[in-house]
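**Student:** As a plain string of letters, each chain reads:
There are 2 protein chains.
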Amino acid sequence: MKKFLNNLDDMLGESLRGFGRVHADLVVVSQEPAFVRRADAPARGKVALISGGGSGHEPLHAGFVGKGVLDAACPGQVFTSPTPDQVLAAAEAVDGGAGVLLIVKNYSGDVMNFEMAAEMLPGPNATVLVNDDVAVEDSSFTTGRRGVAGTIVVEKIVGAAAEAGSDLAACQALGERVVRATRTMGVALTSCTVPAAGTPTFALGEDEMEMGVGIHGEPGRSRLPLATADSIARDMLGSALDDLNAPGDVPLLLLVNGFGATPLMELHLLADAAIRLIEQRGHPIARILVGNYCTSLDMAGASLTVTRLDDEMTGFWDAPVHTAALRW
Amino acid sequence: MKKFLNNLDDMLGESLRGFGRVHADLVVVSQEPAFVRRADAPARGKVALISGGGSGHEPLHAGFVGKGVLDAACPGQVFTSPTPDQVLAAAEAVDGGAGVLLIVKNYSGDVMNFEMAAEMLPGPNATVLVNDDVAVEDSSFTTGRRGVAGTIVVEKIVGAAAEAGSDLAACQALGERVVRATRTMGVALTSCTVPAAGTPTFALGEDEMEMGVGIHGEPGRSRLPLATADSIARDMLGSALDDLNAPGDVPLLLLVNGFGATPLMELHLLADAAIRLIEQRGHPIARILVGNYCTSLDMAGASLTVTRLDDEMTGFWDAPVHTAALRW
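Residue numbers (our numbering), protein chains in the order written: chain A, 1 to 328; chain B, 1 to 328.
Just chain A, with the same shape it has in the complex:
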């Protein structure tokens, strides 16, 4: 295993400390319990958005803490759910009196720990569960579909709504609407290596790829021979768009998300393929985002996410955002 690391026990703490120092204008990092909050939190009268999950998906979620997206993020150890006390401490720090919305990726550990936290929260709260991955119905760590890169779309759009003054029920309803409008499928060209394990999570042959892989290296739909970018994009988009069943004239948001070890040059080439294929199917592409946003440690690969936009979602997507990972 080759990683920039001092020792396993301090990996998360040192990385968070570095993140906090680099982005000291935006965030404050708490180490015990571990959470990252907006430097200007709590915002009085605003619904507080909190997300979290296992580390190893950076910039998700801490990179989206700031104006227009999250009020706090709770990072667990690598690929491990955060504990309820992290969520409670984050909520206490950022609750501005208008309630707390928890945005949770659908993994059994996350669901359980965020549910426990929700039950203990003193004030009004609600939860949006993200399950955008069309690849498999159940998986190693999931009952039902997994929550993956589409989480960013949910967090950005609901974050803008909260910033604009939407109340807790409206934020939750909007979040659930974005989840219903969002589909993702990913492909791995290499495995990731979890630091505590020290060896690749799964074995892939020199000419193989894992189609439909999960963001922790969970098995996908099929082990296939490595194909061209066009063929890969066609396979992923076909699954996502067929499942979304969007009318041809509905504008789509396209997110081309790298898993961590895939260079930007390849992500833009994959984006070019995806754009051509979506337009060939007759869908207008209204918004595009390309980069490493929901990663899987050092996995080479990428996912394609499509969201069926309506005018309200588009307006919130375009609203100003000022975080480490997104800024416009």
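Keep in mind that the hints are not guaranteed to be accurate.
Claimed, not checked - Partner residues are not named here, just some residues of chain A that face chain B (Cβ under 8 Å, in silico): (1) GLU14; (2) SER15; (3) ARG17; (4) THR190; (5) THR193; (6) PRO225; (7) LEU226; (8) THR228; (9) ALA229; (10) LEU270; (11) VAL290.
Don't read these hints as lab results, they were simulated from the structure.
The beta carbon of each residue, even a glycine, is placed where N, CA and C say it ideally should be.
With the hints as your guide, set chain B onto chain A.
**Tutor:** For chain B alone, coordinates are given in the frame of chain A:
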């Protein structure tokens, strides 16, 4: 070789087309000859900044085309210099009548081709040569020190000066001052794989790293056993800071740059190590930037860059920027 790719001949063109579509609000892409220019170019009366070099270092340089940095970028094939006709076409597209400043990384091919272009340019022009890499004096493709991630610091600071109305001579002088104030050293944990070669550029053992590696996989100073992040940062910073010979009270800019396949979690951990070590040496850190900015295809590894800031440089660093890769 595992890459998102259709065929080698179209790789650069397809990737540029994707980049142009994703960032259509910022840039216009020309395919023949290949260059990327600001969508609002030429800016009348402003010095036009043009950079370029081999592809495979994305987001460098096209990701820095936009308000406050470059007017145009000329991408060559992977790890191959752009040709003079690319530079001439870019200059024709963005020259606003106040002259053209070429920012060139010190590699023999780049130097030769940009010099040829400079001789053919019809109007006033000047060149800033970047050679920030302290690792080795000469290298596979270089006479003298290599130009690496410090190029971003030069481009950002001079870009802001040009935006603020500095004339050609002032921009050149400032650029050369930033070059003299900037030092970088890198380390590879894995090799990159050049698409046209299809196999790793160099072999590294499971427990080895290449200290002082170049951004094309050129040999560095020494092949060493893999060490802790603190030890790696101490080695790289020691070389860079000793060479820079900055008085203890001079504020520094720190750039922690990933080579493409190193996750953000590790880059922030490396940043934490670098910050501690620099402050232990008594240097105040005035600005920090962490991310994948000057990459080496799919190489795992990173470089540390330090720039001795003065008030003018700091002001230009902080000036607004609106590009694909930097925005504030």
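**Student:** Each hint: holds or not?
**Tutor:** Hint by hint, here is what the structure shows:
Below 8 Å, beta-carbon pairs count as interface contacts, and A:GLU14 has one with chain B at about 5 Å; its hint therefore holds. At its closest, the beta carbon of A:SER15 sits 4 Å from a beta carbon of chain B; the interface hint therefore holds under the 8 Å criterion. The criterion of a C-beta within 8 Å of any C-beta in chain B is met by A:ARG17, whose closest approach is roughly 5 Å, and the hint holds. Here the hint on A:THR190 is kept, as its CB sits about 6 Å from the closest CB of chain B, short of 8 Å.
Checking A:THR193 against chain B: minimum C-beta separation of about 10 Å lies over 8 Å; hint violated. Here the hint on A:PRO225 is broken, as its CB sits about 11 Å from the closest CB of chain B, past 8 Å. Because the beta carbon of A:LEU226 sits about 6 Å from the nearest beta carbon in chain B, less than 8 Å, this interface hint is met. Hint status for A:THR228: holds, given a least beta-carbon distance of 5 Å to chain B, under 8 Å.
Look at A:ALA229: its Cβ gets to within about 4 Å of chain B, closer than 8 Å, so that hint holds up. Given hint, A:LEU270 at the interface with chain B, holds; its Cβ is 5 Å from that chain's nearest Cβ, closer than 8 Å. Hint on A:VAL290 holds. Least Cβ distance to chain B is approximately 5 Å, under the 8 Å limit.
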